[in-house]
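Asker: From first to last, the protein sequence lines stand for chains A and B.
Each residue of the first sequence is one higher than the one before, starting from 9 at the first, in this note's numbering.
Each residue of the second sequence is one higher than the one before, starting from 950 at the first, in this note's numbering.
Please note that the accuracy of each hint is not assured.
To be verified - Keeping only pairs whose Cα atoms sit at most 20 Å apart, straight-line, the calculated SDA-like set for lysine to any residue is:
(1) 575(A) to 977(B)
(2) 585(A) to 977(B)
(3) 17(A) to 110(A)
Derived from the structure by calculation, the hints contain no laboratory data.
From a predicted model like this one, the values you see are computed outputs, not experimental measurements.
Residue-level listing of the chains:
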Amino acid sequence: MSGMDAIIKEFLAESAENLDQMDQDLVVLEKDPANQEVFSRIFRTIHTIKGTCGFLAFGKLEAVTHSGENLLSHLRDGTIELSPEVTTALLATIDAVRELLSAIEATGGEGDGDYSGLIADLERLDEEAGEKKKDDPKADDTPRKMKSGRIELVLEAPEDAKETETSGSKVAPKVKSPSKRRKKKEPPVAVDVPPEKPGGDSTGAGDIDAAGDQEIEAPTKSSLGESSLRVDVHVLDHLMNLVGELVLARNQILRLSEGTDDRQFEVASTRLHGVTIDLQEAVMRTRMQPISLLWKKLPRFVRDLSQQFGKKVDIQMEGQDTELDKAVIEAIQGSLLHLVRNSLDHGIEKPDLRRERGKSPTGILRLKAHHEGGNVLIEVSDDGGGIDHEAVLKRGLEAGLVSEAEAGSLDPKQIRGLIFQPGFSTARRVTNVSGRGVGLDIVRNNIEAIGGSVEIHSDPGQSTSFRLKIPLTLAIIPVLLVAIRGQRFAIPQLSVVELVRFDGESGGLGIEDLNGVPVYRLRGHLLPLLYLDEELGLADSREPGDGSVNIVVLQGDDRRFGLIVDKIEDSQEIVVKPLGRLIEALPYAGSTILGEGAVALILDVLRLGLKAGVVSEARTHQAPDEEPAIADTGERRTLLYLMGPADERMAVDFSDVDRLEFIPASKIESVADLPVVQYRDEILQLVWVDQTLPERRTKVRKITDDPDLDSLQVVVCTVDGLRIGLIVYRILDIIDQSMKVTRPASREGIETCVVVEERVTEIIDLRGLIRLSDPGFFERGLKPSSGGR
Amino acid sequence: MLRYCTFWVGELFIGIEVSRVQEVLSHSSITPVPLAPAHVKGLINLRGHIVTAIDMGLRFDVGAVGSADGDTMHVILSDDQGLLSLIVDRAGDVVEVDREAHEDPPDTLQGEARRLIRGAFKLEGRLLLDLDVDYAVAISE
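Excised from the complex, chain A in its bound form (with noise of 0.2 Å):
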């Protein structure tokens, strides 16, 4: 029996194969019927499909393309025109074979689908179809497009060939004459194929990989049987791993012709390395497949789609060309139908809207693919209505994601940055294809657990466009080497933001102690630190090391972390193995094996900033499946942690923090009555949150009772776009507080209150405070208020 199960197997390959390229090719027909190349590879599929499924007994298959078949003869004939509902029949006749093929695939039957109402509505129209012919005989002798004598030999008469030839850009050879016919294992050259088309390869119609091998291998080569053949990819993987292993091998070899003095041993070995890369580099390239075969699906989604929505859409394909690995390819496809349905519900405006705003009716969805660097771009773009930022904020603030206060702060790029938060999008608005109460968040979750990121740009009233970075191939990826207490570890470049590396006496730009959490000064921006020993319980005490910091600045979910490591080695591309057993639940991405045969680990950046508490948990705990609650926001959100003359407990957004200085006292000047500083250049106006918020029980102390007091600690911040210093009491802490449980402010300057250690805990709102101790301060910051110098 395994003689015939191969032989399923490879039907079923090759049937999907021809079945996504006839997807493809009905669209292609419907706008260009008179397409013959095209029309006549559908032909040859539908009719490999019947003929090989009635060879191997899949009788319900054989109905439902025999009646395909029947229809398409007719349009061959010209006896029926290609209208949008018999593309539609045939579109759904490729449908039910699918569902069949997979059925059989999964099963070994074909199932228990009832096809019986679309091979009626085959037979309908194909009946249609005669009675058209019988009324009227003309058919016969006009000459259409479509009619072309025998559909298996795509020849034309030479006038027919030449109106194919201008019509579309895969057109049929031309053919001499038809006294020429080209016989089935003719060779090409009786064919006159211009050179400058390449793709339309006319092979006779029983040659079923014609259709299949032009998009794996160039077309140039004319003997389609021997360019390429079908592989297994786990033996591409085994090949994989074995280049793996000859590596190291080879690294070993390298090693021991350093020290030999053989100079016949060094010369084989410079071979072998030489060699070993030309392998590892072929056997990479056996993976990697154009990233067309993900988008020749996706003019049929178009079309049902836009149909769907009742909008005209045009779909503009760039880079079809593009290669990524395989892995990747499988792990994208997702996502990428999430944004073009995306583009196609809520981008691109209907007909009549369009004319108003001046467009033309049909939209154009465009998608381009390109490589950069290690990566490849991928852009899905539409010329659509943009986003419209007041919407989406005011959808952030009904779904939580933002609160009043915030909202007025948020930049355009802020708020873009919502659609992607996990709740945005909206069970309310089900349609058939999205809106399901998941959303954009997931697509970024898929991207991003690649090792991707997406971006959105947004024109509004013109475009939206998503861009896609996605490395090239998850098996290979290039990373920073890291030592720490003399162990290496591997981080994913794509997660490295810069290095950063000081002594430790230079001018006191160090590493500040911020109540137990280290943070660094990068660029006026409080960046929180993290030792890596200490974080692996590598560290047992700290030593103070020879006054050099290596920081790796790393971006994990949206928060910027810093990585204090001992030694930052050099950039590798590694070969990503999983990790064993037992090691599953730590903060690590994979393993690998380094050149010298050493195992190194791959840290996993974001769950070791969750694990350290410096990525806030929102986002990244959410269950990707679950509809998200609109009621729990499950927000989290930083906080600097404050302590009043009183004993009171205070916050401050850290988001909002710019720096924290110490100032002396005697350095406080007053303006206007307004409390200043000279500070960097500038002039820094001051809030006495003490003053402004006083502590409101009869124990009223002040920040300038403290005898011992004689520098401030200002925390400066900046708020819309201009900076303030709040001098406050005592900085506690920094913390990720859940906002699940929040009470109402009870005053002004207040934004809220939250519990934090059993003690109540206000959280400022800037403005507010500001407003309250200086009511004219963004009246006048209008003109810059720093205006100092």
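Model the placement of chain B on the given structure of chain A, informed by the hints.
Answerer: Chain B in isolation, oriented as in the chain A frame:
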């Protein structure tokens, strides 16, 4: 008759069915895995495959292996989930045991060690402990 691959962990003479063992290796350099359970000694590179290595001394709670002379051996197990290495003090021969000779574990074994042993086989002058491999390599604690 059953064929058992034998090894020593401290004073314990332990065996597992030969069919579960892929090979036995001497030294291999180990990359420690911070934060992993203590008995997970680290990762080794076995001809391009990454293998998690378990210190059987720590697993049996009798002190880390190799404490006597620093020498250890890796017993590589293979199953459908991949490879694992049991680090032991010394490897013994493959022995044939009689299924009928299977007895309850000796009472001297206590605690975790008791749970790791399915039973014992009486050999000439020695007792071979029958390791419950699946329990030994399960995600524990």
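Asker: Please go over all the hints and tell whether each is borne out by the structure.
Answerer: Do the hints match the structure? See the list:
1. 575(A) to 977(B): violated (26 Å)
2. 585(A) to 977(B): holds (18 Å)
3. 17(A) to 110(A): Holds, at about 11 Å.
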